[in-house]
Amino acid sequence: MDPECSRLLPALCAVLVDPRQPVADDTCLEKLLDWFKTVTEGESSLVLLQGHPCLVELLSHVLKVQDLSPGVLSFSLRLAGTFAAQENCFQYLQGDSSLFVASAASQLLVHVLALSMRGGAEGHPCLRGDDWPACAQKITDHVEESLCCTATPKVTQALNVLTTTFGRCQSPWTEALWVRLSPRVACLLERDPIPAAHSLVDLLLCVARSPVFSSSDGGLWETLAQALSCLGPTHVGPLALGILKLEHCPQALRTQAFQVLLQPLACVLKATVQAPGPPGLLDRTADDATTVDTLLASKSSCAGLLCRTLAHLEELQPLPQRPPWPQASLLGAAVTVLQLCDGSAAPASSVGSHLCGTLAGCVRVQRAALDFLGTLSEGTGPQELVTQALAVLLECLESPGSSPTVLKKAFQATLQWLLSSPKTPGCSDLGPLIPQFLRELFPVLQKRLCHPCWEVRDSALEFLTQLSRHWGGQADFRCALLASEVPELARQLLQDPESYVRASAVTATGQLSSRGLHAPTSPEYAEARQSLFLELLHILSVDSEGFPRRAVMQVFTEWLRDGHADAAQDTEQFVATVLQAASRDLDWEVRAQGLELALVFLGQTLGPPRTHCPYAVALPEVAPARPLTEALRAFCHVGLFDFAFCALFDCDRPVAQKSCDLLLFLRDKIASYSSLREAGGGPNTASVEAALPRCRTGEHAQPPGDQEPEAVLAMLRSLDLEGLRSTLAESSDHVEKSPQSLLQDMLATGGFLQGDEADCY
Amino acid sequence: MPEIRVTPLGAGQDVGRSCILVSIAGKNVMLDCGMHMGFNDDRRFPDFSYITQNGRLTDFLDCVIISHFHLDHCGALPYFSEMVGYDGPIYMTHPTQAICPILLEDYRKIAVDKKGEANFFTSQMIKDCMKKVVAVHLHQTVQVDDELEIKAYYAGHVLGAAMFQIKVGSESVVYTGDYNMTPDRHLGAAWIDKCRPNLLITESTYATTIRDSKRCRERDFLKKVHETVERGGKVLIPVFALGRAQELCILLETFWERMNLKVPIYFSTGLTEKANHYYKLFIPWTNQKIRKTFVQRNMFEFKHIKAFDRAFADNPGPMVVFATPGMLHAGQSLQIFRKWAGNEKNMVIMPGYCVQGTVGHKILSGQRKLEMEGRQVVSPDPVLGWQGRGAPPGGNRCPHPVASAAGGQDAGGVHVIQRTRGRQGHHAAGGPGRAGERAAGAWRGQEDGVPEAEDRAGAPGQLLHAGQWRDGDAAHEPQHPRRHLTGTAEAGNGAGAAPRGQEASAPARHPDHEGQRECRDSLWRGETKDGNFRLVSSEQALKELGLAEHQLRFTCRVHLHDTRKEQEMALRVYSHLKSVLKDHCVQHLPDGSVTVESILIQAAAPSEDPGTKVLLVSWTYQDEELGSFLTSLLKKGLPQAPS
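Going line by line, the protein sequences match chains R and F.
According to the numbering used here, the residues represented by the first sequence are 1 to 761, in order.
According to the numbering used here, the residues represented by the second sequence are 1 to 643, in order.
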């Protein structure tokens, strides 16, 4: 601990234990605790306590004071816990009327239990529990007693203490603890209703995950199986998912868990399939009365159960330990659920008709089913499955009743299916299925680009951008796209009243243009093709919102990087025009992006940055594209230095940081030209240095392009760029965030609040 | 019996990250989703682990409701929806929907700007989050699903702020968010139907603070600004982009116009235009005066307030600058502060709350030495001539008018305001709920054996059963503050779940018919034995009920250099006022205090300085004119010899 903090600490402890002194707020206490944690990581708690008796006084004092604020009390308990994690002999508390205090006390209990077991039973097997230290014995008795209690809050608290214990401690004694307490836990499952089911599931999964139980289960698997069969649908899903995620677990339990998880979808399929459906899902899953009851009880219980099930399966899908995956049945189920929502499903039973009525237009279930359908695209499947999925997605995209959030999900799922669709072997194109689908998709996309909700127009543009990014080179895709009005509509959206949509339109048209797709290739569109750069430049100069301007800068940077025709034709002119607009922008992210573009230009002119990794293969220095003096003159000409030097003193530090990096890169590059290393110091230096303060105040040093390369070199040398870089690397409020500043603030606030109270007469 | 459970996932005893989970009859609603400016780690957001630990929260949560666009109420929304993964509907009013993304974007930019944070929500996430928003109109009953409905009410406070009633079957909860009881220059006062919620969750940050009169604060504000620019100094007012800043702008604009001042006033570039745009777009949300005069003159088109360019900060001569962010922790305001702090002619005014860990916080807590970046030490004493304690007109959170007296017939007495030692947070209060005309009564306090509500972010919440709601059209300028509050607080011991997610439950109670009366401004309708209604005056009604009317009192402190004892001082005040206010009844009471009509003046001696005396002046809402006049009179000092 630094001396200044040591000096302030006694005064602060005095403030904390004095109930008349209002403590700043809980944020400060929380931060104080953070700081103590850091301190105890660096030095022994014992040494800390010996060096600061005020801390011991604080901890013993809080137990005696009557009207102490709960905030300070819980802080002190947590502080005690922090010390207890290292040192012995702390008193503990539990059962305070305040739950916050009680939970801090529970954590402390766990610390104390773990500590006493470690200290008292070192080297002993300690499995019976009767030779445990008195302290541990007392805690265990207390927990056992609470588990038998009829009051749910006490049971919950006991379960939470156990969950924390098994989560934190993985010593052999925890097994003995479980052996002793598991009958009590199992008893909870026999009560009706099962108390604290949520905490119970947490505990069971936590115990199952503990490595201590990998060899012998201590009746754990039986308890889990029992829980699977008697918990209600709300809690059984998370338990089943948790079991399926376990790395080691008996196969029978796994199967049972998966059946439980699939139950709701099996019910749905059974209620709707005309013929006996595909094998897999219905085989072993018997009709479960509780599941059917939940599905039929009310709209919200039905929707809730289906959403939860779909979400659990979605989570399970990518896991390596997932059970054998009935892809076809699950796909069938997802499609059926979507059909139930849009009213196109055919019920096969009274349950089915009921579900039709309940789920019709249920946006929540639609979204969950679309998410799940998207996830299913990752599994391999036969061609007809893909057709089936794409058909239902197209239906969803076309349906006039689809809500904006549903449409967004439908676009996402469609993209997932398209990009993962099986390609014809040996053929670079998209296979037989996709071109037909695209021909049907683009008219729908056209309609969605004209949707009255901005959310839909935006999602449609994002979809278009993604699709052309991946498939811009595919002939089938290009053909279908150019035959539609989609490019033209995307371009019209550059004038959309909603700034988000304008930004997405910029990105989309920029992407299309990179691929030569922003306008049909026929001669009558020649003008349209040429004017896109000017149109985007106009947006950069005049749009009142930052998003479209930022999007334009990203497009321009990409164009420069990829050698887009508009950028490559006259690169210097292109860079000069863009930098001029970007450097004046009020949005610092546009300015930062401007510097990014400048960096790309530098790299293209002088060669890429040198790798600093010592293990990297040293490539021969790429010869720069042109002589240095000429390159420097070009940089001056495009106004790069004006921009960079002013940006160095920008009040927004990412801009200053970026400029600093850029100039360091440049200096590094120049240094490799030995002939120029010693140059400079000529008559221009003084004038340039005089111009620097003006840069600091945000004025342009000189009209762009007027600087001489020698002057720029002199300027580069005169700047302490490394120093600036390290200053900029610190957060702008690092001084105010220091522990010393925190202690000062807490003391000052105490005094301040006292004065304030006099106001309330 | 259906149960209402309240689990604060943030706020509670702390300013920031307002986020309350309410469960009514199996429906789960999240009220606000704010961020905390004081932390840089996960704690900057509410603790969602409580609802995410088992399964996905979209399946658990039925909807999210955002009360208004301030970041402590909506700042965690993109994190919650795009990073934690909530996919359900988010409800807010139309103006909030329009302004919220701007502030979120501003916040993101500042966070990244300050530290170059990478692990933060992106622009794309803000947009994706906004796509999940469903905008609602005031008084529109929105059916979230078959069982859950919500309804928004006008809350004042900031443009688009709303209070929400959440209803499941016959159970209901009212959540106020931040709200204003009195209209200000640009917004009206909060208004709600007479509903009888089972539970009221109300903002109470300033519930225990008796604030100076608004007029005093405004006059003080203008005086300080004027004095500073007159002597050639610069004034920095750190503000948040949109919200209370507009109130200050109108105030300054009007003052500049009246005084014919030429000193430039600047506002962070881009934001004035934006604010202007949104206030124009949502003109029905502003107050009556602005709506009326809008056709002739748009109050938000300022003549004197110009866009700020960072180069202006170095211009010589006086100026006033509104700059973001409001807590002086990054960006433009901090840069200007560093630049100007060294000159004792300059001044900074902190209109809003500042969290620990910011320069703003240090200034507000009165620290005299600030260590700035680069080890520069600034003594802000002369610079910060006007500190935030008497925050300028209308602080950034809900200023509760404070009742000094209250009547009620509950056996345990009535807590209109319960002191919470200047602590902060939302307070849950439950109560009997019955519809319509029976909305009246008072909050019963903790002596009824009401257990404490719990919060997860801080210490246990102390119940606060405060609040005064105006009954009438929001557009009316209130002549008399009318208020009704109903309810018996009840938020019970909940089960302690995980350490960072605790809950309180409030079993819904059936209405306690006894002691439910209503007190209206001029009429009182009460049920007589034969079930008929009677019309009586409010005075009569109060008398029959044995109630005392709530009184609003404003307070102000006047510092005078005087070495005499308090009693002697009071006597001099008495003589002075007696001579000046010939038409008023001036009295010197036995306890040493002086009264003029409802105005009460007491002399006190602050312990630290024997040479200074403080006059504590308090007056009722009705005597605002006289009170203000008296305060200004006393500020001029007392005549040398008693007249």
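Simulated from the structure, these hints should not be mistaken for lab results.
The structure displayed is predicted, hence computed values, not measured ones.
Please note that the accuracy of each hint is not assured.
Below, a list of computed lysine-lysine pairs in the BS3-like style, where the Cα atoms sit at most 30 Å apart [what the hints assert, rightly or not]:
#1 F:Lys131 with F:Lys262
#2 R:Lys447 with F:Lys132
#3 F:Lys345 with R:Lys299
Okay, the calculated bits of chain F under chain R, using three or more residues with CB under 8 Å as the criterion [claimed, not checked]:
#4 223 to 232
#5 279 to 288
#6 345 to 358
#7 565 to 575
All C-beta atoms, glycine included, are put in the ideal place defined by N, C-alpha and C.
> Is Lys447 (chain R) within 30 Å of Lys132 (chain F), Cα to Cα?
Replying inline: Holds: Lys447 (chain R) and Lys132 (chain F) sit about 21 Å apart, inside 30 Å.
>> Using C-beta distances, would you say chain R covers the stretch 223 to 232 of chain F, given that this needs three or more residues below 8 Å?
In response: violated (count 0)
> At a Cβ distance under 8 Å, does chain R reach at least three residues of the stretch 565 to 575 of chain F?
Replying inline: violated (count 0)
>> Please verify the coverage claim for the stretch 345 to 358 of chain F: does it have three or more residues whose C-beta sits within 8 Å of some C-beta in chain R?
In response: Coverage by chain R holds for the stretch 345 to 358 of chain F (4 residues, Cβ < 8 Å).
> Does Lys299 (chain R) lie within 30 Å of Lys345 (chain F) when you go C-alpha to C-alpha?
Replying inline: 67 Å, violated
> Is Lys131 (chain F) close enough to Lys262 (chain F), meaning Cα to Cα at most 30 Å?
Replying inline: Answer violated: Lys131 (chain F) to Lys262 (chain F) is near 45 Å, above 30 Å.
> Taking 8 Å as the C-beta cutoff, is the stated coverage of the stretch 279 to 288 of chain F by chain R satisfied by three or more residues?
Replying inline: Contact hint for the stretch 279 to 288 of chain F vs chain R: violated, 0 residues under 8 Å.
Hint violations for this structure: numbers 1, 3, 4, 5, 7, all remaining hints satisfied.
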